[in-house]
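Engineer: Note that the protein sequences, when read in sequence, are chains A and B. The first sequence begins at -2 in the working numbering and counts up by one. The second sequence begins at 5 in the working numbering and counts up by one.
Worth double-checking, as some hints may not be accurate.
[What the hints assert, rightly or not] Straight-line alpha carbon distances no greater than 20 Å define the calculated DMTMM-like cross-link-like pairs of lysine to aspartate or glutamate that follow:
id: 1; chain 1: A; residue 1: K4; chain 2: A; residue 2: E125
id: 2; chain 1: A; residue 1: K75; chain 2: A; residue 2: D86
id: 3; chain 1: A; residue 1: K75; chain 2: B; residue 2: E22
id: 4; chain 1: A; residue 1: K89; chain 2: A; residue 2: E66
id: 5; chain 1: A; residue 1: K33; chain 2: A; residue 2: E91
id: 6; chain 1: A; residue 1: K4; chain 2: A; residue 2: D86
id: 7; chain 1: A; residue 1: K61; chain 2: B; residue 2: D104
id: 8; chain 1: A; residue 1: K61; chain 2: B; residue 2: E22
id: 9; chain 1: A; residue 1: K89; chain 2: A; residue 2: E3
id: 10; chain 1: A; residue 1: K61; chain 2: B; residue 2: D108
id: 11; chain 1: B; residue 1: K55; chain 2: B; residue 2: D123
id: 12; chain 1: B; residue 1: K120; chain 2: B; residue 2: D40
[Stated by the list, open to error] Covered, in the sense of this in silico footprint (three residues per stretch, anywhere, with C-beta under 8 Å from a C-beta of chain B), are these stretches of chain A:
id: 13; region: 12 to 19
id: 14; region: 112 to 120
To be clear, the hints were calculated from the coordinates, so they are not data collected in a lab. Heads up, the beta-carbon is just placed ideally off N, CA and C, and yes, glycines get one too.
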Amino acid sequence: MTTSGEKSITIALMDPPYESGTTTTALRIMDAALRKGISVNVFAYEGAVNLTMRGQAPHPNPVKGTSIEEQDHPSTAKFIAGLFTLGADSPKLEWVNCGLCVDERGAGECIDGPRRGGPGDLFKFSQESTNTLIIGTR
Amino acid sequence: MPGILSIVERAYHGTIEEQDDTILWLSHMIKNAGGDVSVLLRSNAVNYAVKGQDASGLSIGGVALGIPPTLDNDVVALSTAGVTVYVVEEDLSDRGIGNDELCDGVTKVKRSGLAKLFDDHDAVWHW
Chain A
-2 MTTSGEKSIT
8 IALMDPPYES
18 GTTTTALRIM
28 DAALRKGISV
38 NVFAYEGAVN
48 LTMRGQAPHP
58 NPVKGTSIEE
68 QDHPSTAKFI
78 AGLFTLGADS
88 PKLEWVNCGL
98 CVDERGAGEC
108 IDGPRRGGPG
118 DLFKFSQEST
128 NTLIIGTR
Chain B
5 MPGILSIVER
15 AYHGTIEEQD
25 DTILWLSHMI
35 KNAGGDVSVL
45 LRSNAVNYAV
55 KGQDASGLSI
65 GGVALGIPPT
75 LDNDVVALST
85 AGVTVYVVEE
95 DLSDRGIGND
105 ELCDGVTKVK
115 RSGLAKLFDD
125 HDAVWHW
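Extracted from the complex, chain B is given alone in its bound form (with noise of 0.2 Å):
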């Protein structure tokens, strides 16, 4: 079990604009570094788990985002490089996410096996 477990939990916060979310670029930063890390994804940052996403054409003032955002493919890519993302199953069905949205590499949780988890890490990162 890793020794670091970063939560994200604020979502589409700043993501058009960096072309990513800062917390899973900053946990995929710390991997390469070799840090042992997992994230996991709860409440409104469920859904950056979920496949197909298309953040393109935008453009303001003539000045398009040639590079939008993949917050799927960067959960995977995470999943990839050896990061246990983990998301919590309630916050998935509250939001009427089903199984079959999901992006590969992710594992379900629930709210009760939260305490667990934190308890299986020597830290928890909390964003």
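This is chain A alone, in the form it adopts within the complex (with noise of 0.2 Å):
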């Protein structure tokens, strides 16, 4: 937070997983501020708040003839997961995910950390950070 001298940033998020090249950047931005001792508050809105879904999993491929564990395929989950473990205390990860956008995907089965909001919890972030990053659905 600004008022007590640590910085924090607020990315907000809309594109679901697997879909857009933005996301893995954002999720790389998120790694790096937390390295630097920098929080991060996480707005999901839209297909973004399937990026937490628990149940993501891995699979072979068939193209390439090799089995699940041969491909070890990545899951936006299982690296918000090692996000959160970073962002434990401090410097500090908060994610919340847009609750109207959950009930309307059946996405409330999600990893552990993130929390439901709204909007105005993307508002609060922006007020209370350094600076906000918003990348939108193109």
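Both chains are sitting in their own frames, so use the hints and assemble them into the complex.
Structural biologist: Written as structure tokens, this is what we have:
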């Protein structure tokens, strides 16, 4: 928080998993920020609420003939769980999934860490953060 | 001439998470299922045909991407499987991509030849 002298960044995301390179870049920014001691606030809006779904599962690749183990398929939920480990205390990762977006997608089963919220949380985050990065769907 | 021409133009969208390009993968699966398919790489997707791409080393939150995408190898694999992979010649030159940078198995086509290429196929799937 800027008021306490600590830096923080707010990031708003809209893209669902497996659809956009911007999501990967955003996750890399979060990783870099947390490693520099900068707290991160995330507002996941629309399809981005699916990024943290608990049920994401790896799969084999029939084109390459690889098994689940050989393919070692990543998931956004696994990446984000790792970010929560980095941002467990100070710096802190806060992640809010838009509740209405969750409901309309049936995306309520998420990993540990994110909480349900709404646009008011994005506004509050932006007011309390050093800066805000909006990454919309294109 | 195959029945389906799949056009790929959006490049590197989700390829890290997917470990490949979804449409190259889909086209390969259709070929494996007996489909007659070819692929046209245009716009930024022509970069998929540049050999020697290396997306390794990514780690997020301490979770490493063990198997990164190798899109040039995927293009070669498509070609080896019997899928003709076209690339738009002007889209290569616009990006400064030379012939010596291209992987094996791609066929260049000029923009002026696209209409005929489309006409030569039964269906055009523009992703």
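Engineer: Compare the structure with each hint and give your call.
Structural biologist: Against the structure, the hints come out as follows:
no.: 1; hint: K4(A) x E125(A); result: 10 Å, holds
no.: 2; hint: K75(A) x D86(A); result: 19 Å, holds
no.: 3; hint: K75(A) x E22(B); result: 14 Å, holds
no.: 4; hint: K89(A) x E66(A); result: 32 Å, violated
no.: 5; hint: K33(A) x E91(A); result: 16 Å, holds
no.: 6; hint: K4(A) x D86(A); result: 14 Å, holds
no.: 7; hint: K61(A) x D104(B); result: 27 Å, violated
no.: 8; hint: K61(A) x E22(B); result: 13 Å, holds
no.: 9; hint: K89(A) x E3(A); result: 11 Å, holds
no.: 10; hint: K61(A) x D108(B); result: 18 Å, holds
no.: 11; hint: K55(B) x D123(B); result: 30 Å, violated
no.: 12; hint: K120(B) x D40(B); result: 18 Å, holds
no.: 13; hint: 12 to 19; result: holds (count 5)
no.: 14; hint: 112 to 120; result: violated (count 0)
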